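Dock chain R against the given chain F, drawing on the hints supplied.
If you read the protein sequences in the order shown, they are chains F and R.
Start counting the first sequence at 1; every next residue gets the next number (the numbering used here).
Start counting the second sequence at 1001; every next residue gets the next number (the numbering used here).
Keep in mind that the hints were calculated from the coordinates and are not lab data.
Treat the hints with caution; some may be incorrect.
Said to hold, decoys possible - Using 30 Å as the maximum straight-line C-alpha spacing, the simulated BS3-like pairs for lysine-lysine come out as follows:
#, chain 1, residue 1, chain 2, residue 2
1, R, LYS1112, F, LYS253
2, F, LYS112, R, LYS1272
3, R, LYS1331, R, LYS1307
4, R, LYS1055, R, LYS1331
5, F, LYS55, F, LYS263
6, R, LYS1263, R, LYS1211
7, F, LYS252, R, LYS1102
8, R, LYS1112, F, LYS272
9, F, LYS112, R, LYS1102
10, F, LYS302, F, LYS253
11, R, LYS1272, R, LYS1307
12, F, LYS55, F, LYS112
13, F, LYS253, F, LYS331
14, R, LYS1020, R, LYS1055
15, R, LYS1252, F, LYS112
16, R, LYS1302, R, LYS1055
17, R, LYS1253, R, LYS1302
18, R, LYS1055, R, LYS1252
19, R, LYS1004, R, LYS1112
20, F, LYS263, F, LYS253
21, R, LYS1272, R, LYS1253
22, R, LYS1055, R, LYS1004
23, F, LYS211, R, LYS1252
24, F, LYS55, F, LYS102
25, F, LYS112, R, LYS1112
26, F, LYS55, F, LYS20
27, R, LYS1331, R, LYS1252
28, F, LYS20, R, LYS1211
29, F, LYS252, F, LYS102
30, F, LYS112, R, LYS1253
31, F, LYS102, R, LYS1112
Computed from a predicted model, the values in this text were never measured in an experiment.
There are 2 protein chains.
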Amino acid sequence: MSLKTLSSQMLPAIESELQKQVARLSQPRTAVYYEMLTYHMGWTGEGAGPEATGKRIRPLMVLLCAAASGGDWQAALPAAAAVELVHNFSLVHDDIQDNSDKRRGRPTLWTKWGMPQAINAGDGLFVLSNLAVTDLAENYPADLALRTARVLHETCLDLTRGQHMDIAYEDRLDLDEEDYWPMITGKTAALLAGCCQMGAILGGAAPVAEKAYHDFGLALGLAFQMQDDILGIWGDEALTGKSAASDLLEGKKSLPVLYGLGKNGPFAARWKSGPITPAEVQVVAQTLAEEGASDYAQEKSKEWTEKALTSLAAANPQGQAGAAMRELADKLLGRQA
Amino acid sequence: MSLKTLSSQMLPAIESELQKQVARLSQPRTAVYYEMLTYHMGWTGEGAGPEATGKRIRPLMVLLCAAASGGDWQAALPAAAAVELVHNFSLVHDDIQDNSDKRRGRPTLWTKWGMPQAINAGDGLFVLSNLAVTDLAENYPADLALRTARVLHETCLDLTRGQHMDIAYEDRLDLDEEDYWPMITGKTAALLAGCCQMGAILGGAAPVAEKAYHDFGLALGLAFQMQDDILGIWGDEALTGKSAASDLLEGKKSLPVLYGLGKNGPFAARWKSGPITPAEVQVVAQTLAEEGASDYAQEKSKEWTEKALTSLAAANPQGQAGAAMRELADKLLGRQA
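Isolated chain F (complex conformation) (with noise of 0.2 Å):
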């Protein structure tokens, strides 16, 4: 029960640290701009709550990783922060690049204030994230709060080249497996190696500790992502509680969808030809499937999986933090029983 209990008392913490960060732009003058940011985080407006504000997965694991190598957690709250308001600043950008109406559930910011001003808030929760981030030279010594900071601008620039490659890839079909490792290092997992290296630098972890933190979550962000894939396609409907084939039916650039393209088969020629309609979805994820992309996406899966739960031993987190990251990584992982 360490993950319930520390997380029952770290999830709190963030939030109002967020809500504390966020603060900054509450004057009378930007009002509306303070709005939009409360909006998107899920604290106002129509829908606010915690199905709105998302699983705060980042910001846990930065404390985490911080409490596990040894340090206070509540010294790395701005940190914890500082992570959180990046994801956000990437997905009301996203929203916008993809033209999604709808997230979490809620209409997005772009269709309530306009494109104009959503990819200012966007860049606006990008400042404060920045602003964050320096707040650790309160708890922390200049040169550690600045490796941070810095490991946390490295891991935005990942993002904006992971994300560069997706929005490129959308009118390219001269694509293949190859096409998928940066794309996703970059916009999915180097964000999470990230939040687990700056969880350990902040506790104080030793270099090679510190690089076995940062692979840990690059691992498991790779094969958290690979089975979001392989759900996104062949997952139970009542399970996953998206309609099944989803991902095909959006012409989502998956594992399974490169692996099949790069196979030039009876998929391929299907997908060139244009959008999948849902009524012949089914028989086109099983002809995916006959063709190995499931079972290959199964296989690398289990091997990021292999290589996430190694750098995690390597890493060794102590304590209740160590051991409600494992339970973290299981859950992730979907290995719980």
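Coordinates of chain R only, in the frame set by chain F:
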């Protein structure tokens, strides 16, 4: 000749530092992303060259302030690059928000590579500015680098606040002069204030002088903007290179316009009835002048010019860089013989 001599050394160093910072993106899979940034910075693509880079006034100001307060300007180069990257990030997003298809006479990023990639490229320039400012730790103690980074981030928060107001004003007719100051302070003056303050910090200025440098930049930015506002309506086409009264045609919420709206006279009535056409623009400009907007803007510009000069005297910049700062201020404030 201090300014000419110094800027002939500083400008190539700024360009080279900027190129070094942006080169972080030069990787095989993100070649197009890198190309977008080098194009925007004015280094590559059609129309590349000095006309396309802009004047690099902001980084120049960082270096001059660092040198004039007793520091080594070369050590401050990462901060100079950071402010120019911030400026350019804001331009890339601004062009999307304003639907502008030209920037410094060349097609804007979003018209060439599409809106989603252009948002991401703007985000990328922002990340690069964060990385650049942390590079200061190579030349300065960590606490000084962190304090400089903090000033940059606070400045960026002001920028997004100003941008929020600017966008929000587009659909509003109930504006007056009071609405001008917070918007233009955030959008224009805050970054120049930040440049001067960052330079002063890195040059080792005492707190009182640091504040004077900051206040100088702020007042300079405001005074300069007001002159630009005046020229945008009553400027001599032959001198400004813009068509006369172009700000009225574009519906720009400049100081004279907001003053006129506050007067609620014939100008305000005409403004509120719909876009102003080229055929009537001279008459409308004349009406606005008769209501006192030109005299008022001149008076305010003079007031802020005086404040800029008072703060400059208080900052008491030293040596060749100090002389160059005075020369640059005179130039920007239109005071040269």
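Going down the list of hints, with the structure as the test:
| no. | hint | verdict |
| --- | --- | --- |
| 1 | R/LYS1112 to F/LYS253 | holds, 24 Å |
| 2 | F/LYS112 to R/LYS1272 | holds, 26 Å |
| 3 | R/LYS1331 to R/LYS1307 | holds, 16 Å |
| 4 | R/LYS1055 to R/LYS1331 | holds, 13 Å |
| 5 | F/LYS55 to F/LYS263 | violated, 37 Å |
| 6 | R/LYS1263 to R/LYS1211 | violated, 35 Å |
| 7 | F/LYS252 to R/LYS1102 | violated, 33 Å |
| 8 | R/LYS1112 to F/LYS272 | holds, 26 Å |
| 9 | F/LYS112 to R/LYS1102 | holds, 28 Å |
| 10 | F/LYS302 to F/LYS253 | holds, 20 Å |
| 11 | R/LYS1272 to R/LYS1307 | violated, 34 Å |
| 12 | F/LYS55 to F/LYS112 | holds, 23 Å |
| 13 | F/LYS253 to F/LYS331 | holds, 25 Å |
| 14 | R/LYS1020 to R/LYS1055 | holds, 19 Å |
| 15 | R/LYS1252 to F/LYS112 | holds, 25 Å |
| 16 | R/LYS1302 to R/LYS1055 | holds, 24 Å |
| 17 | R/LYS1253 to R/LYS1302 | holds, 20 Å |
| 18 | R/LYS1055 to R/LYS1252 | holds, 23 Å |
| 19 | R/LYS1004 to R/LYS1112 | violated, 36 Å |
| 20 | F/LYS263 to F/LYS253 | holds, 15 Å |
| 21 | R/LYS1272 to R/LYS1253 | holds, 13 Å |
| 22 | R/LYS1055 to R/LYS1004 | holds, 13 Å |
| 23 | F/LYS211 to R/LYS1252 | violated, 52 Å |
| 24 | F/LYS55 to F/LYS102 | holds, 17 Å |
| 25 | F/LYS112 to R/LYS1112 | holds, 27 Å |
| 26 | F/LYS55 to F/LYS20 | holds, 19 Å |
| 27 | R/LYS1331 to R/LYS1252 | holds, 25 Å |
| 28 | F/LYS20 to R/LYS1211 | holds, 27 Å |
| 29 | F/LYS252 to F/LYS102 | holds, 17 Å |
| 30 | F/LYS112 to R/LYS1253 | holds, 24 Å |
| 31 | F/LYS102 to R/LYS1112 | holds, 28 Å |
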